[in-house]
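Quick mapping for you: the protein sequence lines, in order, are chains A, B and C. Heads up: the first sequence is residues 1 to 228, going by our numbering. Heads up: the second sequence is residues 1001 to 1174, going by our numbering. Heads up: the third sequence is residues 2001 to 2476, going by our numbering.
Among these hints, one or two may not hold up.
[Unchecked claim] Under 10 Å between C-beta atoms, here's a sample of chain C residues computed to sit facing chain B:
1) W2051
2) E2143
3) Y2163
4) A2181
5) D2184
6) S2277
Rather than coming from a laboratory, the hints here were simulated on the basis of the structure. Glycine included, each C-beta is placed from N, C-alpha and C at the ideal position.
Single-letter residue listing:
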Amino acid sequence: MRIALFVTCLNDAFFPRVGIATVTVLERLGHTVTFPAGQSCCGQLHANTGYPDPARVLERSTEAAFAGHDVVVSPSGSCVAHLRAHTRLPVHELSELLVDVLAVTDVGARFPHRVTYHPTCHGLRMLRLGDRPRRLLGAVRDLELLDLPEPEQCCGFGGTFALKNAAVSGAMLDDKCAHAVATGADYLAAADSSCLAHIGGGLARRPGAPRPVHYAEILAATGPGTGP
Amino acid sequence: MTPELSALFAARAGDYRAGVHPCTPAELPDLLATLLAGASGVVLPAGTPPEWTARLGRPTLSGDTLTAAQLDAPGLAVLTGCALAVAETGTLVLDGGVAQGRRLLTLVPDHHVCVVRAAQIVADVPDLVIALPDPTRPLTMISGPSATSDIELNRVEGVHGPRRLDIVCLPPHR
Amino acid sequence: MSRQLPIVAVTPFPRAAAGALRDAQLRANLGRATRTIRDKRAAVVAEVPDWDRLRDRAARVKDDVIDRLPELVAQFARAATAAGATVHHAVDAAAANTVVTELVRAQGVDRVVKVKSMATQEIGLNEALAAAGVTAVETDLAELIVQLADDTPSHILVPAIHYNRGQIRELFARRMPGFHADSDDPAVLAGAAREYLRRTFLAARVAICGANFAVAETGSLVVVESEGNGRMCLTLPDTLIAVVGVEKLLPRFADLGDFLRLLPRSSTGERMNPYTSIFTGVTPGDGPRRLHVVLLDNGRRRMAADPVGRAALRCIRCSACLNVCPVYERVGGHAYGSVYPGPIGAILSPQLTGQDAGHNATLPYASTLCGACYDVCPVKIDIPAILVHLRQTGPKPAAERAAMAWLAWTMRDRRRWRAALRTARAGGRPLRVLTRRHGGRLRRAPWPLSAWTAHRDAPLPAAESFRDWWHRTHDS
Ligand code: SF4
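Construct the complete structure from the given sequences, taking the supplied hints into account.
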């Protein structure tokens, strides 16, 4: 299958390894990945911060970049939710593509670590990803999946909320980090690099805390490290 | 109507810590006498069936004329019927009709005993709003004794309404 | 009227929230309380197999009401008048307060009893009555606690959610005449309130209430409560004054069937609340001899004209959205600066007042848009969508506006975006070296990013962007 990747602006600039992992998984499964170069940002940040006009510009340019592609995948729950609400693109979050469209849960990965999974708000309540990411992680060899307490609680990121309401965001982050630490996991996985940047930034200040990882990186792994 | 509805009503009303007492028509006079044995007096609305009071042995007061202050006398209980009841929620519905009286009567005294006939029980709230004979009468839906959860969300029974609610359930007619 | 309405935030939300966060006792009380009620709600909602269909139906009924407000207001007024009530129309808070004050004065009393009502809080009725020399006694236990403490409510349903039992006992000992219990057992405290209020009820000649629903077809009002203080106010005094927001209307009596299933399960987490009173006009020999209904607009018709924001008028004030809100759980109700706190407050207060009132324009930003509120709302108000809509239509800082425009301009063109990525990468290079110790993350950044690094490390641009990697590995 030919699959067009919407990598997201954040991954492009800050977390290219998440895009690389997504490509690795899909190519390993025998699919052809394309990367339409006209893509940048879906407009979510602008729209949610209160700027509909710039948001529309980016929604349209994203739509144009992916015109003619039948299957679009993105490793970001929140961007997929935004594109679904504001464009007509046939876009799937990675776990939706794998489980629903490609009908695989075992992607041939091995990751010999203890992992806990945080279901981000967009994945949980807007996309209703349900247990798809956990099923994918459950099929990874040598991976021990640990339950995160109060998983459905928001991590406190919320885009510019983290700046505009920094104190509340920090308080929510503290609780999320405490729950993550309590699991004793080596890694905290999630389906959104933005939430992971926020949670990871908090975990980095706690000795012995799990390290943040996008679940695509785990699915790409075939040994002790993340990635191919 | 069905025995299942009666059982569900009894279970759900019991969940609110109302006293629930299934009984046969023959047992009714003695049961009511037992439930009301501690009352200083029993307030009766107009239309109370005579068999409800046959064995009471307590002073009775006519609900028609009592003032709120009189109803506030220590130890008073009130004995009523109801218009309808809701199984799903364990709710009694009073509409001021026969054997129910003014709204005041089931509010000020500290003990309310209510007799429910199985035929009066409907399945759920939507059935109730359709079954009401006249929705413009003053209606009171009662689901367990008065309660508050205002202090640390701890449920406390009996703030302003009766602190004790006993529901007597009569079986369907054969 | 120069007094600011109690739905106008006088402090920007971020500042008020930061202050509330420092109160550890408040956070502990709130955390315990919201968790308890969340679990109860979830359990009784799970019992109803057609819950989602019920929500859809209720949303449709409310949308119909919002579409036909003037018509249904007139229908209600006709039916209620025919049943013996006197109906008044109040365009705003000042008009409503004037009507009620005059009605109370006409009865020659200086004391009225009140049932908890959001509409009367919204218009600041107690303060208006006080200015006219009338004492309004709140009879709901939580409202009484708040009133005795000279405090303001912090939750729609449990206004004293920020007090624990010890604090309440101490308060009663100071402020409640005749209180002398030394126990802080909730049953003892509730018993004390019963004794104290019973005398007040028996002496009261005028009561003021709100309504959860008003039925246009029959002119009936519905009051949903737990304690029985509502029934006392609705039946003992001679004169009853109901202040009802026009959005409380339902077209038909039969509509109550769905709404009375949705409300108690969503609000207190019960299958049914202990007492629901439904009354239509006056009934000779039973209850008040005079019933006045004040139908309140106060910004509602203007709200109804906003195609997105109007859905907030569906709200039945169950407070389920507060109890699941991670922001509310941490800061409590006062930070919202309005009698309407939490997610519903963040979309209701700025719409009722206009975003230029006080700091109400900061309220739509008091959310991560996590969507927990939308999930539990019994009338399916898409609160996150309305928050975004209000952000998009509200005032914004010039610098932010410029930055957003620049960002979009850069991102929409592939050459400009690629150049920006390269610049960011080059700028990040020295930082990546310096921060190697922290795993390549930034521990402290200058303003405005200092708000980020105050709580967490910041990531740096990667050494190679994804598109450069793709170009290197796939585009040859
Ligand atoms: S917005 Fe919805 S959940 Fe919140 S109080 Fe109103 S009805 Fe309840």
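| task | Could you check the structure against the hints above and give me the numbers of any it violates, in ascending order? | result | 1, 4
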